[in-house]
Amino acid sequence: MTDCEPDPQARRLVIRESLSVGIATGLYGVSFGALAVAAGLDVWQAMALSLLMFTGGSQFAFVGIVAGGVSAAPAAIAASSLLGVRNMLYALELTQLLGLRGPRKLAAAHLTIDESTAVAVSQQDVRASRLGFWVTGAVIFGLWNLTTLAGAILGNALGDPRRWGLDAAACAAFTALLWPRLRNRQAGAIAAVAAVVAVVLAPSQPPGVPVLVAAGAALLAWRAPGPREAREGAAEGSAP
Amino acid sequence: MTLWTAILVAAAVAFGLKLAGHLVPERLLAEPHVKRVTAALPIALLAALVATQAFVSPGGTLALDARAAAVAVAVVALLLRAPFIVVVVLGAATAAVLRALGWAA
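Line by line, the protein sequences give chains Z and V. In our numbering, each number is its position in the first sequence, counted from 1, plus 1. In our numbering, each number is its position in the second sequence, counted from 1, plus 170.
Hints were generated in silico from the structure; no laboratory data involved. Fair warning: there could be bad hints in the mix.
As the list claims (entries may be wrong) - With a straight-line Cα cutoff of 25 Å, these simulated SDA-like cross-link-like pairs (lysine to any residue) come out:
| id | chain 1 | residue 1 | chain 2 | residue 2 |
| --- | --- | --- | --- | --- |
| 1 | Z | 106 | V | 192 |
| 2 | V | 205 | Z | 143 |
| 3 | Z | 106 | V | 190 |
| 4 | Z | 106 | V | 189 |
| 5 | Z | 106 | Z | 52 |
| 6 | V | 205 | Z | 224 |
| 7 | Z | 106 | V | 178 |
| 8 | Z | 106 | V | 185 |
| 9 | V | 205 | V | 183 |
| 10 | V | 205 | Z | 123 |
| 11 | Z | 106 | V | 183 |
| 12 | Z | 106 | V | 182 |
| 13 | V | 205 | Z | 163 |
| 14 | V | 205 | Z | 186 |
| 15 | Z | 106 | V | 186 |
| 16 | Z | 106 | V | 272 |
| 17 | V | 205 | Z | 122 |
| 18 | V | 205 | Z | 185 |
| 19 | V | 205 | Z | 16 |
| 20 | Z | 106 | V | 194 |
| 21 | V | 205 | Z | 12 |
| 22 | Z | 106 | Z | 16 |
| 23 | V | 205 | Z | 111 |
| 24 | V | 205 | Z | 226 |
| 25 | V | 205 | Z | 227 |
| 26 | V | 205 | Z | 48 |
| 27 | Z | 106 | Z | 48 |
| 28 | V | 205 | Z | 107 |
| 29 | V | 205 | Z | 184 |
| 30 | V | 205 | Z | 217 |
Stated by the list, open to error - Covered, in the sense of this in silico footprint (three residues per stretch, anywhere, with C-beta under 8 Å from a C-beta of chain V), are these stretches of chain Z:
| id | stretch |
| --- | --- |
| 31 | 107 to 113 |
| 32 | 131 to 139 |
| 33 | 155 to 161 |
By construction, the Cβ of each residue, glycine as well, lies at the ideal position given by its N, Cα and C atoms.
My request is simple: use the sequences and hints to build the entire structure.
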């Protein structure tokens, strides 16, 4: 890609950053694959999510909700889609940075996730941004799919997922995805309201529905956060 | 709806959202209120998922079991800046050990 050639040293730095982010992220496809089969998906269904959906937070949410039974599938689609809305915001920023047209735009869209965006927007010049986006996205795509397959096969071999704590691994994974987003008091308030609403509704509502209603807590962000808590940025943290 | 249908629909929506961001004019989505609410959606959804998985049993009743303990351990690990995979493994290990010892369901 001749439009992605920063000077050699900047190039090495971007590639190193992309590889470290990509490898760290790609590896936890193992946990996704194992959780997917624990939730009742087969290996091919787990692979289809990683190949076609390819946005970790949505994938974890989808399998977390269908674990409650296939009747929860519509709620699982809704939750994974709402989580995917942030990728649209990332794409808005990236599309100017990348300057693509035609089929490359389709490839860029598929690789538009938290990490590729974070690496791209944190570079000093546009050529480094483009290189960082493609290397990070491609490394994660390759590794995420390989490790999903490994995790799904491993998960099948383990038998009862509860005995190995795989259901609790999902809770821990969601906690880790949420953590870097709790950057200010408004974020904390939104998380607290959503958690309470979901738990209060859970005994009376079908699986998945409490989570969707709780998503309404995001409307608290309609008001801008106060001056002390105003720092906002796209694509920070370590969520997939 | 079969599981396969759900997977393909959800994947199509996920890709459609990404592509839309690359195709639509920015001003349609750049309104600050809309931007803040969409950016806050993952926070609300993830918090709701953590809460229901930690405190609601698969049968729909409130429960304080091994999964709540796993979340507590995960929070401690995150406070200590542990990487994602370590947090996940610690969460699983916590629940597995508590169940093996018969201390939690």
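Each hint tested on the structure:
1. 106/Z to 192/V: With a Cα-Cα distance of about 7 Å, the restraint between residue 106/Z and residue 192/V holds, given a limit of 25 Å.
2. 205/V to 143/Z: Violated: residue 205/V and residue 143/Z sit about 31 Å apart, past 25 Å.
3. 106/Z to 190/V: With Cα atoms ~11 Å apart, residue 106/Z and residue 190/V stay inside 25 Å; holds.
4. 106/Z to 189/V: 8 Å, holds
5. 106/Z to 52/Z: 17 Å, holds
6. 205/V to 224/Z: 11 Å, holds
7. 106/Z to 178/V: 21 Å, holds
8. 106/Z to 185/V: 12 Å, holds
9. 205/V to 183/V: The hint holds at about 19 Å.
10. 205/V to 123/Z: 20 Å, holds
11. 106/Z to 183/V: 17 Å, holds
12. 106/Z to 182/V: Given that 25 Å is the threshold and the Cα spacing comes to 16 Å, the pair holds.
13. 205/V to 163/Z: Distance of about 39 Å is beyond 25 Å: violated.
14. 205/V to 186/Z: Holds - the C-alpha atoms of residue 186/Z and residue 205/V are around 18 Å apart, at most 25 Å.
15. 106/Z to 186/V: 12 Å, holds
16. 106/Z to 272/V: Roughly 54 Å between the alpha carbons, so the hint for residue 106/Z and residue 272/V is violated.
17. 205/V to 122/Z: Satisfied, since the Cα-Cα distance of roughly 17 Å is no more than 25 Å.
18. 205/V to 185/Z: 16 Å, holds
19. 205/V to 16/Z: Judged against 25 Å, a Cα distance of about 31 Å means the pair is violated.
20. 106/Z to 194/V: Holds, because 13 Å separates the two Cα atoms, which is no more than 25 Å.
21. 205/V to 12/Z: 32 Å, violated
22. 106/Z to 16/Z: 21 Å, holds
23. 205/V to 111/Z: 21 Å, holds
24. 205/V to 226/Z: Satisfied, since the Cα-Cα distance of roughly 13 Å is no more than 25 Å.
25. 205/V to 227/Z: 16 Å, holds
26. 205/V to 48/Z: 32 Å, violated
27. 106/Z to 48/Z: 23 Å, holds
28. 205/V to 107/Z: 23 Å, holds
29. 205/V to 184/Z: Measuring from Cα to Cα gives roughly 17 Å; hence the hint holds.
30. 205/V to 217/Z: Measuring from Cα to Cα gives roughly 15 Å; hence the hint holds.
31. 107 to 113: holds (count 5)
32. 131 to 139: Violated: only 0 residues of the stretch 131 to 139 of chain Z have a Cβ under 8 Å from chain V.
33. 155 to 161: This one is violated; 0 residues, fewer than the three required, reach chain V with a Cβ under 8 Å.
Consistency note: the structure conflicts with the earlier hints numbered 2, 13, 16, 19, 21, 26, 32, 33.
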